[in-house]
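Student: If you want the building blocks of each chain, they are given just below.
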Amino acid sequence: MNRKEYPRMGETVFSDRLDNGLTVYVDVKPDFQKSYAFFATDYGGMDMEFQLDGQWYDTPAGVAHFLEHKTFDTKDGNALQDLAANGASPNAFTSSAITGYYFESTEKFYENLKILLSFVSQPYYTQESVDKEQGIIGQEIRMIEDDPENQAYYAMLEGLYAHHPIRVSVAGTIESISRITADTLNLCHSAFYNPGNMVLCVAGNVDPEKVLELAREILPKNGKGSILRDYGPDEPAAAAGSRTELKMEVSTPIFRLGWKMDPAPKGEEQLRQKLIAELACEALLGNSSPLYARLYRDGLINGSFSYGFDGYLSCAYAMAGGESADPDAVAAAIAGEADRIGREGVDAALFDRLKKGRYGAEVRSLNSFENICVGMAQAHFAGYDMLRFPEIFEGISQADVEACIRTCFTPERAALAVVQPGEDRA
Amino acid sequence: MTEVTRIELLPGVYLTAVHTMKFKSSYMGIQLLTPLSEEHAAANALVPMVLRRGTERCPDMERLSAALDELYGGSVEPIARKKGETQCVGFVASFLDDAYVPDGTLILEQAAALLGELLLTPARENSRFVSAYVERERANLVDRIRAQVNDKRQYAVLRLVQLMCQGEPYGVDRLGSEASAAAVTNEELWARYQALLSGARVELYFSGSAPLERVESAFRSALAGLKGRTAAPVSVCRNTLGGGEEKPRNFEDVLDVTQGKLSIGLRTDIKVTDEEYPALMLFNAVFGGTTTSKLFLNVREKLSLCYYASSQLEKFKGLMLVFSGVEFDKREAAQSEILTQLEKCRRGEIEPWELEAARRSTVNSLKSMLDSQGRMEDFRLGLAVGGGDGPEDLAAKLEQVTVDQVAAAARRVRLDSIYFLKGKEKHQ
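If you read the protein sequences in the order shown, they are chains A and B. The first sequence begins at 987 in the working numbering and counts up by one. The second sequence begins at 23 in the working numbering and counts up by one.
Hints may be right or wrong, so weigh each one.
[To be verified] Pairs of lysine to aspartate or glutamate residues, derived as EDC-like cross-links and limited to a Cα-Cα distance of at most 20 Å, are as follows:
id: 1; chain 1: A; residue 1: Lys1094; chain 2: A; residue 2: Asp1193
id: 2; chain 1: B; residue 1: Lys174; chain 2: A; residue 2: Asp1193
id: 3; chain 1: B; residue 1: Lys174; chain 2: A; residue 2: Glu1235
[To be verified] Just some of the chain B residues that point at chain A, by a computed CB distance under 10 Å:
id: 4; residue: Thr24
id: 5; residue: Phe117
id: 6; residue: Val385
[Stated by the list, open to error] Stretches of chain A that chain B covers, calculated by requiring three or more beta carbons in the stretch to come under 8 Å of a beta carbon on chain B:
id: 7; region: 1089-1101
id: 8; region: 1285-1292
Since the hints were derived computationally from the structure, they do not count as laboratory data. Using N, Cα and C, we set each Cβ at its ideal position, and we do this for glycine too.
Assemble the whole structure, with the sequences as input and the hints as a guide.
Tutor: This is how it looks when you write it as structure tokens:
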């Protein structure tokens, strides 16, 4: 087992790779009451076409999310209830790239871990329960379709991407999930829930040896490694469209503005790209930027304004959004500011402050076990070590950030989605 | 190790300091405590929002953000809460803990000073607040109050409390009403601000690696401007149990919704400082507080009468609130099933596993609170306002509660009000 100290981040992480291909990380936190375990697969909403045992499969949108719902079913009932009866708080989520199952508890950690590893690795899907779930997930899809934030987000992604499956809703559609059967679930489980395609991350006052021991005991002895996927032909650098408008029942217009970026290669470059893109957002439109102050003062944005970066191995984009009486004016102001920074550069004193600010925010985010474990899992799949953040961050220069703003935050790469108040939803 | 100290720093100014090495951040709070009232609630809530816009030294958002970034990206949020019938307004802040600052700068003193500035030396215009700030933040407050109706689940709880406690201070929302928020003028807000500074009890909070002496001296110098206060301000905790009518009251609202919301309000008759309080907590967990509760398993899972059904305690006011989302035509059935489950608790019809799962979940929630600076701040603010046990003591007492005590607590609870949010005709 490897033991690694990160004195600047105040963490100590033990890790090992089992014979079946599963990597296990344990961040030991002796002063804490609670422990947290996150068991994740490198499988999300975008992974619809894949290869298993030499054969290619094309599956409907929404399978990863559907699987997440049904995986809690066990022969004897429901694992959620078993964990809850032990006082643990369990849950799960599916994103575009990963599916993760987790719990937090202050007691009976190993017993709970056993339950987690068992139900995730031992599928129990019956056609009857799949049929029943179609109704439940159908309700959830309707709720998502009624959620203006979500609609704006996907409209933005459709504006950015011509065909990459990131633009497909993680939950799928009523139509796509109607094509899911117990066989689909079993196929996708056997491909993506093999230990070689998964990672286990634990944080808390626990014994790493014991965690490894349980993983060896409960999980399958053999893995299939990582699974080859197809995300379609290469995307052009430019956004597919520039502006989409929807009408929904909202009190103020809601918007999402995205910028398509070229994905970074697997490894530390992934982390570097993320940190550069986040600093670029801060300098261009972040809370401390001159533009933000101007937009807030003019009443064009309010406290709901937020921004960020999402990076995967196959696609990457930055985005900003929130409520605004005039989203087009906000988009135009941001485009103008990006153009100005492209020509004049970022103010040096501002850049130094932003770097300090980001540093502190990043370190503080490690108060959360969830952030630690989910972050370690994502970093594992992307091929880097999240806790090497201070070293990578130090190496980022003002020129890196300016180059990012100049090349990525351009009108050609941008797509705006606006949800306007109104009844017409066609 | 974690050590908690509480001292009176200045007349009516209390500091709760938690010394801990666990976290990456120093968490701080400054709250002004004042009786909750319809007259002043909105203005009180608006005060920290306007103060957050600028100080004498950093008169606008850009300079304030720059100052925070210099301190390694601190966050300072205006906040308005109610604890029983006490309104608490002020700031909660999180800064990088000194132990993790790369260049060895000490942040605590500067952070406390910045909080002191925000509270005591706002940016001014003609001896009042900057009017542009008042206008914008008042509009933001009105928007927030108006937006409460967007989340129907929250709204149905808020309306129940408003209606059930009308005429009692507790019926006032933590943000005040839309009409009173819209009517606040710069002059009134300034007067309210002065009244809070001279009359409100001040609760300071710190959690981080710095030793008590440093925390004490940092806050003492940051709040030197409060020294002029002579006497300790009036007691702010004046919670009344009881209230309400003899017979349960029914209320209804009609909105354009596709799913109905049924909320039920009960009076618990048990104070947070009473011996029976741990039993009441456990009763709530068994009844509707967890995913192993009677409401969750029977009303939601088994009978599919509700999309959700759960209960929570308002511990300082002695209320138990039940809320559920139901189809319009299942309202009667859901209501009667919820009350049936309540009766079962009263009769002590609680399986051993139900009691144990509820106990484990409640203990787990209390213990894990010790790992969250934000939740601890909120809990300790409650202790400062209304008293009660700390999380460890409470957890220990929960271990001892018997099924008979849970049933006895359930029998003390009295049905007060039933609220139903229904849809317009076309959906019925």
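Student: Take the hints in turn and mark each one as holding or not.
Tutor: Consistency of the hints with the structure:
no.	hint	verdict
1	Lys1094/A - Asp1193/A	holds, 13 Å
2	Lys174/B - Asp1193/A	violated, 45 Å
3	Lys174/B - Glu1235/A	holds, 14 Å
4	Thr24	holds, 8 Å
5	Phe117	holds, 7 Å
6	Val385	holds, 6 Å
7	1089-1101	holds (count 4)
8	1285-1292	holds (count 3)
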